[in-house]
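Below, each chain spelled out in residue letters.
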Amino acid sequence: MRSNYIYIFIMFAVSFIIRVLPLTLIRKQIKNITIRSFLYYVPYVTLAVMTFPAIMEDVEKPVAGLFALIVGIITAWFGGGLFPTAVACSVVVFVLELFI
Amino acid sequence: MKNNRHWFLKGLKDGIPIAIGYFAVSFALGFFASNAGLTVFQATLSSLLCNASAGEYAGFVGIASKVSYLTMAAMIAIVNIRYLLMSASLSQKLPEETSLPHRLLVGFWITDEIFAASISVPGKLNPFYSYGLAISSLSFWALGTCLGAVVGNVVPDNVVSALGVLLYGMFLAIIIPPARENKILRFLIIIAMFSSFAFSKLPVLSSISNAIRITILTIVISGAAALIFPIKGDEDKLETGADVSHEAGEVKNAQ
Chain A
1 MRSNYIYIFI MFAVSFIIRV LPLTLIRKQI KNITIRSFLY YVPYVTLAVM TFPAIMEDVE
61 KPVAGLFALI VGIITAWFGG GLFPTAVACS VVVFVLELFI
Chain B
101 MKNNRHWFLK GLKDGIPIAI GYFAVSFALG FFASNAGLTV FQATLSSLLC NASAGEYAGF
161 VGIASKVSYL TMAAMIAIVN IRYLLMSASL SQKLPEETSL PHRLLVGFWI TDEIFAASIS
221 VPGKLNPFYS YGLAISSLSF WALGTCLGAV VGNVVPDNVV SALGVLLYGM FLAIIIPPAR
281 ENKILRFLII IAMFSSFAFS KLPVLSSISN AIRITILTIV ISGAAALIFP IKGDEDKLET
341 GADVSHEAGE VKNAQ
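Heads up: the sequence lines are chains A and B, in that order. Going letter by letter, the first sequence gives residues 1 to 100 in this note's numbering. Going letter by letter, the second sequence gives residues 101 to 355 in this note's numbering.
Bear in mind the hints are in silico, worked out from the structure with no lab data behind them. This list has only true hints and no planted wrong ones.
Pairs of lysine to aspartate or glutamate residues, derived as DMTMM-like cross-links and limited to a Cα-Cα distance of at most 25 Å, are as follows: (1) B:K166 / A:E57; (2) A:K61 / A:E97; (3) A:K28 / B:E196; (4) B:K301 / A:E57; (5) B:K224 / B:D114; (6) A:K31 / B:E197; (7) B:K301 / A:E97; (8) B:K102 / B:E197; (9) A:K61 / B:D257; (10) B:K301 / A:D58; (11) B:K166 / A:D58; (12) A:K28 / B:E197; (13) B:K166 / A:E60; (14) A:K31 / B:E196; (15) B:K301 / A:E60; (16) B:K110 / B:E196; (17) B:K102 / B:D114; (18) B:K166 / B:D257; (19) B:K110 / B:E197; (20) B:K224 / B:E197; (21) B:K102 / B:E196; (22) B:K193 / B:D114.
What follows is a set of in silico ranges between Cβ atoms, one per label pair, in the way DEER data are often shown: (23) A:I26 / B:P256: 48 to 58 Å; (24) B:I328 / A:I30: 14 to 24 Å; (25) B:F297 / A:T34: 19 to 29 Å; (26) B:L302 / A:L25: 38 to 48 Å.
Ideal Cβ positions, reconstructed from N, Cα and C, are used throughout, including at glycine.
When you get a sec, could you build the whole thing from the sequences and use the hints?
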């Protein structure tokens, strides 16, 4: 039986080591362009992978999740920002699931 | 000593706008945590110890699908790997004589937003500025997670669905505005979503857990992008990466 507390401890330990390693032992700037580029792209790629298709799987009706994705992209594209984009996705799912 | 106090108070104050964004994101995150099977206490503890939105989300996905401990470690390492860059930058920004405990504490509290604020002070960084930022903003990160998890335990199913997508909406709000300005990012996001979908539906590949899928696709796509589209210069852009309230704030300022 795997324990949630051990999972949380691993999450903490690994995040902590990554955050303190350059500050304590290496103490150098990362100059390599390939590594810098990789580190720059990671958050965008990982958040995109996390969002889709999970947005369709975490709701009752996958179609509602798909519409939420489309509305979310449009809202964010036109400068909606954090709150409006999140609320727009949420409202789309709530309303569609009432009617579908 | 008086100087430390000054920087600490300034940090506390500058952390307030960050706290507002954190509260919203962590609420959605806590909500997700409760659906992934964590108790309110466990969700709050995760936020107090990990201080990362994508990192904690990945961890909760791993907990929900009961991945091996090794997979959990690999996944957390990849999703948080960009903090290496921020930590390396801060190592230049701190005074040379900064002691080990201070270095560990500054590192523990690196987030995209705290990094952005810390790196923007003129001259060397007084670690107490980072502590002030962290304490005022991350207490709301923990509080939001706690409330999100509480709410996640009590609301009916159709509200779970609707509140569950809040987090994905926030993820979109982080990645889409820079993708509008940068066609490489746009291309990568489309490839990432398409591959993720294909992995979850294709025979054989669909038997891979969500946690491993996130890890593999992040390494492969970001790695290929780094080789094909290396980024030269533009230091600031590289150092900030994607973040939550900072990015959202910038978008509003641009309008």
